[in-house]
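Chain by chain, the residues:
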Amino acid sequence: MSYNGAPMSNAVTAAGITFAYGERRALNDVSFEVAAGQACGFLGPNGSGKSTLFKLLSTLVPLQQGRVSMLGLDLAKESRAIRSRLGVVFQSPAVDKKLTVRENLRYGGLLIGLSGADLAARIDAVLAAGRLADRARDLVGELSGGLRRRVEIGKCLLGKPDLVLLDEASTGLDPAARKDMWSMLREDPKLTVLFTTHLMDEAAEADRLLLLDQGHVVASGRPAELMREVGGQVLELEAADAASLAPELQQQFGVAATVVDSTLRIDGANVHELVPRIVQRFGARVQRLSLAHPSLQDVFLKKTGKRFVVTEPDALPAKGRRRKS
Amino acid sequence: MRAVLALWHREIVRFLRDRPRLTGSLLQPIVFWALFSGALHGSFKPGGMDYGQYFFVGTLAMITLFTAIFATITVIEDRKEGFLQGVLVSPVPRLAIALGKILGGASLGLGLAVIFLLLAPLAGVSLSFDRVMLGLGVLALLALAVTGLGFALAWLMDSTAGYHGIMMLFLMPMLLLSGAFFPMESAHPVLAWVRFVNPMTYGVGALRHAFQGEVPGVPSFSVCMIGTVLFAAATFALGALVVNRRSVRDVV
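If you read the sequences in order, they're chains A and B.
Start counting the first sequence at 1; every next residue gets the next number (my numbering).
Start counting the second sequence at 1001; every next residue gets the next number (my numbering).
Honestly, the hints are just simulated from the structure, not real lab data.
Don't take each hint at face value.
Heads up, simulated EDC-like pairs for lysine to aspartate or glutamate below, C-alpha to C-alpha not over 20 angstroms straight-line [what the hints assert, rightly or not]:
no., chain 1, residue 1, chain 2, residue 2
1, A, Lys97, B, Glu1185
2, A, Lys97, B, Asp1130
3, A, Lys98, B, Glu1081
4, A, Lys98, B, Glu1077
5, A, Lys98, B, Glu1214
6, B, Lys1080, A, Glu238
7, A, Lys306, A, Glu238
Pulled from the structure, derived: some chain A residues nowhere near chain B, Cβ distances all over 12 angstroms [stated by the list, open to error]:
no., residue
8, Thr13
9, Ser92
10, Gly159
11, Asp201
12, Val218
13, Ala256
14, Val271
15, Gln280
16, Ser290
Just so you have them, the derived chain A footprint on chain B, three or more residues with Cβ under 8 angstroms [to be verified]:
no., region
17, 1139-1151
18, 1204-1215
Every residue, glycine too, gets a C-beta built ideally from N, C-alpha and C.
Construct the entire structure; sequences and hints are all you get.
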């Protein structure tokens, strides 16, 4: 997803975004920058605020606090101008299942101001790029999830946007369909892509990644750099008495272990050397032991002290949905 | 304008492709008219005319109202199915969304009313070219008014069930107390007052003037037209107001 072109200017600059649904703060002083041409991922569990951030950036809900510049335009004052250069793909499908693929693209094109021969040419180009030409007359409701997603991406790219926002767009897609989706997006190397995800492998492909938790940015940077910060290796021990084992490990081997549920985690450059010693000294109490290179899961855990758990898609609180903002 | 036409066209295409909805919309007013006029034939002669003739105009008003209800319910479906948020993030002004949906629903109501008009000879309603032209104008205005109202209400609703509840609570009484089903001039004083403030009274009255000439107990044609124009203007303004308010409930 990387774009290694000329010196980059920022496609998006956000400073101090705070957003609340009534009393509940969904975003708290969120700031970040995304260079033009980058693919920037927002990774976080349910309730981390990434969907709220997406709704703000896609101009669906107005800013409450903070400043956002997108493509050099002020989000608070120039949202319509931003929308004319923006492509958006939602987690829930935004295509009409009762219309054909071509009809969906046609209506999508008319809504962004395309018409006549230009529109027809763009539709043909998008159908070709998405390998959808032979399905153009099929009703979208008859397509598989992966094909529908390709229609969505095609619709989003019809107007040749400068910036694309994807909200959990790959949720429910198999790896092949996800690859198709990204290959369509990568055709234009100058395109800036902001995407929310809870898939670690997808997030690891981003040029830049922001980890969100409870409305805060807890880490940001290149995925590889973030993982390097954790250390060279991660040793994970599962034990029924994890909490009491932690101080004993500290006492015996001088290592700091983090307790998460019934698991102890130790990270560092040479933690593999501890394995035989731990097995010899505490073997009877350890139920499972694993050694691995750090993942984004480990980054999240290190930054928040919590496991990254996804239960269901982010949803607005019932009362929040009714509240005017 | 292209966006308005696109949204309008989509409403028509979706309606024509939805066979059950198409069948129901075409047959329901005919069944209603046949049942009511058959059941009350001979026992109820409002204004001295046969009930089938009287209820013919009422059925036209009912068609515009019911079509508006079913057409604007798609606002809630579009939101739930995600289509609406796709439109909201396009550069289209929100007013164009309201206009496209309202024109779409009103066109369907008008189209169905025109089909029902073909049954006028069966109902014993004699139509001249002038009457039909005037009647179509009034029908278009009334269809815009009730679709605008339905749009504004649907925009504020989260569930189709809730929308149906509100429709039954407000719009059905509006239709019943408009003179569409029965004359209201000898109604209880409270209902007579309700009839006075009920905007459907003027729409139905204008339709009676257009298709049946002077009917006792109906306000004058000019009063009916002013009332209907104001009704349409008010509901369109309401639709524009609700659609222009960005809120977190706009999204799925």
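The hints, checked one at a time:
The straight-line distance between the Cα atoms of lysine 97/A and glutamate 1185/B is roughly 49 angstroms, outside the 20 angstroms bound, and the hint therefore fails. The hinted pair formed by lysine 97/A and aspartate 1130/B fails the criterion: a straight-line CA distance of about 43 angstroms is larger than 20 angstroms. Restraint check: the Cα-Cα separation between lysine 98/A and glutamate 1081/B comes to about 11 angstroms, which is no more than 20 angstroms; the hinted pair holds. Our distance criterion of 20 angstroms between C-alpha atoms is met by lysine 98/A and glutamate 1077/B, whose separation comes to about 12 angstroms.
Between lysine 98/A and glutamate 1214/B, the direct Cα distance comes to roughly 46 angstroms. Violation of the 20 angstroms bound is thereby established for this hinted pair. Between the alpha carbons of lysine 1080/B and glutamate 238/A the distance comes to roughly 44 angstroms, so the proposed pair goes past 20 angstroms and is violated. The hinted pair formed by lysine 306/A and glutamate 238/A meets the criterion: a straight-line CA distance of about 15 angstroms does not exceed 20 angstroms. The claim that threonine 13/A lies off the interface holds: its Cβ sits roughly 20 angstroms from the closest Cβ of chain B, which is beyond the 12 angstroms cut-off.
With 12 angstroms as the threshold on Cβ separation, the claim that serine 92/A sits away from chain B is violated: the shortest Cβ distance comes to roughly 4 angstroms. Distance check on glycine 159/A: its Cβ comes as close as 9 angstroms (rounded) to a Cβ of chain B, failing to clear the 12 angstroms threshold; non-interface status is violated. Remark: the non-interface label on aspartate 201/A is consistent with the geometry, its nearest Cβ contact in chain B lying 25 angstroms away (cut-off 12 angstroms). Distance to chain B confirms valine 218/A as a non-interface residue, since its nearest Cβ pair spans about 24 angstroms, more than 12 angstroms.
No beta-carbon of chain B comes within 12 angstroms of the beta-carbon of alanine 256/A; the shortest separation is about 42 angstroms. Residue-level check passed: valine 271/A sits 45 angstroms from the nearest beta carbon of chain B, beyond 12 angstroms. At the 12 angstroms boundary, the C-beta of glutamine 280/A stays outside the reach of chain B, the nearest C-beta of that chain being 56 angstroms off. At roughly 39 angstroms from the closest C-beta of chain B, the C-beta of serine 290/A stays outside 12 angstroms, upholding its exclusion from the interface.
Using a Cβ-Cβ cut-off of 8 angstroms, 0 residues of the region 1139-1151 of chain B lie near chain A, which falls short of the minimum of three, so the contact claim is violated. Three residues within the 8 angstroms Cβ limit are the bar, and the region 1204-1215 of chain B against chain A gives 0, so the coverage statement is violated.
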